[in-house]
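Trainee: The chain contents come next:
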Amino acid sequence: MSSAWWRRGAIAAGGFAFLAATVDPGVAQGPPPGFSPLDKTNVKASKQDETLRPHPTPPTVTPVEKIPVDKLRLPPGFKAEIWSSGHPGGRTMVRGSKGTIFMGTRLIGRVYAIVDKDGKREVKTLLQGLTQPNGLAFKDGSLYVFAIHRVLRFDNIEDKLDNPGEPVDLTDKFGLPDTIHHNWKYVAFGPDGKLYVQVGANCNICEVNPGTHAHIRRYNADGSGMEIVARGVRNTVGFDWHPVTKELWFTDNGRDWAGDAGPEDELNRIAKGQEGANYGFPYCHAQGIPDPDIRVPNPCAGTVLPAALLGPHSAGLGILFYTGNMFPASYKNVAFIARRGSWNRTQKFGYDVVVARTSGGKATIEPFMTGLLDAKKNEFYGRPTYLLQMPDGSLLVSDEQNGAIYRISYGPKTAGK
Amino acid sequence: MRLSDWTWLRPPALALAAAIHCSQAAIAQNVPLEERIAQCKACHGEDGNSRLERIPSIAGQPEFFILNQLVLMREGVRRVAAMTEAVKGLTDAEIEALAKYFANRPAKASDEPIDPELVKRGAELATKLRCGSCHAANMTGHQQIPRLAGQRVDYLIASLKDYRDNTRSGADTLMSVVVQGLADADLAALAHYSASR
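Heads up: the protein sequence lines correspond to chains A and B, in order. Mapping of the first sequence onto our numbering: residues 1 to 417, in sequence order. Mapping of the second sequence onto our numbering: residues 1 to 197, in sequence order.
Quick caveat, the hints were computed from the structure, so don't treat them as lab data. Owing to the predicted nature of the structure, the values given are computational and were not obtained by experimental measurement. Heads up, some of the hints might be wrong.
[Unchecked claim] Below are the DSSO-like pairs computed for lysine-lysine, each with C-alpha atoms no more than 30 Å apart in a straight line:
no., chain 1, residue 1, chain 2, residue 2
1, B, LYS120, A, LYS377
2, B, LYS120, A, LYS44
3, A, LYS124, A, LYS160
4, A, LYS272, A, LYS246
5, B, LYS120, A, LYS47
6, B, LYS88, A, LYS66
7, B, LYS88, A, LYS160
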């Protein structure tokens, strides 16, 4: 079935059915019997095409010849090539100290280990059968795996790639909520040695308990000492620290079913000394847009507005501040952001990698890697999800839709390609 | 390494039902496609439309949906005890062939009794919950999203409960939000309505 329709043209992703509960907002005593108490989405009011739904992600290998590397467009002097493939659903990437690239996934439930062998990449399925193990971190020889509701640590993992053995189960120590929606994890160690963990809102738009949901936390590596560092965050799925200021910057995906035009996804910063600040969800979105379905007085009071907007429904995921020496000096300390691309929008948007140039608390966005979206046909060919800087200064970009990693390099030899 | 052995999730009730009704014999690897198809039919019905309690019909399901679910079961992400042996060692190519075969069988309605009162109540609920947005207006499914029209009522009720109670492994995260807090009677109404389409 190599000519299967989902491998051609309008490739799609997401892998999840979406149904938003339409709840009458006028009910004072909670929702009437029979209706979800959680989600306040009012699709009718959004005036959007009600048949919009997430795009599926192929769970099988995309043959190398169908990987759309030839479609990629980059600024002059940059070059893209297929670095590895054959890892369906591969998203997050972390690099072990011995050079192994570990890759997390969502629906397919695998963690891959990619190693160099005779100048080529060998892909191993390291772990299998987990629930959306998207959160990976590496420290002192150990791989931390965050699946939905579970935290596992595999010690000395790079010496045991063919048989990782029993992990240390840290699930109880971290005590994460057991709700599943928007709880595939993004995690990373900060410059303070703490492990930063996303907890998304368990809905499209709803009231949340700010002590349990819609925030970013940090822990000691053993799961102790939890603190909330950002509140009112609907669903961040990527963050990184500015190399100079050491401040945390994070992407945040805006709500759906409030119009094709947005509210736009956000790029946010936690300014020094502002840990615990509020970023607006569910009352205030993007550059100060009050929520249409949950109305409160002064919805944006006390909200930190975004450093930059990332576009309507664009699904900004991975963010990486570039510190390498391969790219031109103008890319030093700028952030690359992978935008997985929209589903809740008639005209597709995103499916690219952009650059965010930060200055103080603001950022400007410019295109970097394009070509995976054909706006005229309203079709997409791949979905960039996460980024990794290699020791030589090249940039790896994962394409979840095609189970591939692209390597972006720069140099006079590659100019014009 | 497969992590499904030490999961905290209990096997869903439908798996037990299936194990009672159908063969539990291990299936050898590298068997011809016809034999694989025959194994499926033993439980899911000669024409892919199930007549067995809590066993879903697979005829006329979207091809991507069948493909996706078989991969997830093979991977140990979606854990259905009665399917464990059947999916062991299946290759992507075999899964693609099985998906194509059953997607192209005509779907027939379940022979269970449908309660018109529940259908009426379910129709209102389905409108409010916007089931048709993903499952399509007539519940015929779309890409990764299953067909519900004509499906077995008992299977739909069991599935909806597993979504609501967070006991379905490898579950679609959005479905858990949609059915959160619904009463058993609401789930029954949704099942009768969907099955009646």
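Trainee: Hint by hint, say whether it matches the structure.
Mentor: Against the structure, the hints come out as follows:
Proximity of LYS120(B) to LYS377(A) is assessed by CA-CA distance (about 40 Å); at most 30 Å being required, the pair is judged violated. For the hint linking LYS120(B) to LYS44(A), the alpha-carbon distance of about 22 Å falls within 30 Å, and the restraint holds. Simply put, LYS124(A) and LYS160(A) have alpha-carbon atoms about 12 Å apart, close enough for the 30 Å limit, and the pair holds. With a C-alpha separation of about 8 Å, the suggested pairing of LYS272(A) with LYS246(A) holds against the 30 Å cut-off.
Restraint check: the Cα-Cα separation between LYS120(B) and LYS47(A) comes to about 26 Å, which is no more than 30 Å; the hinted pair holds. Between the alpha carbons of LYS88(B) and LYS66(A) the distance comes to roughly 28 Å, so the proposed pair stays at or under 30 Å and holds. A threshold of 30 Å between alpha carbons decides the hint, and for LYS88(B) with LYS160(A) the separation of about 25 Å falls inside it, so the pair holds.
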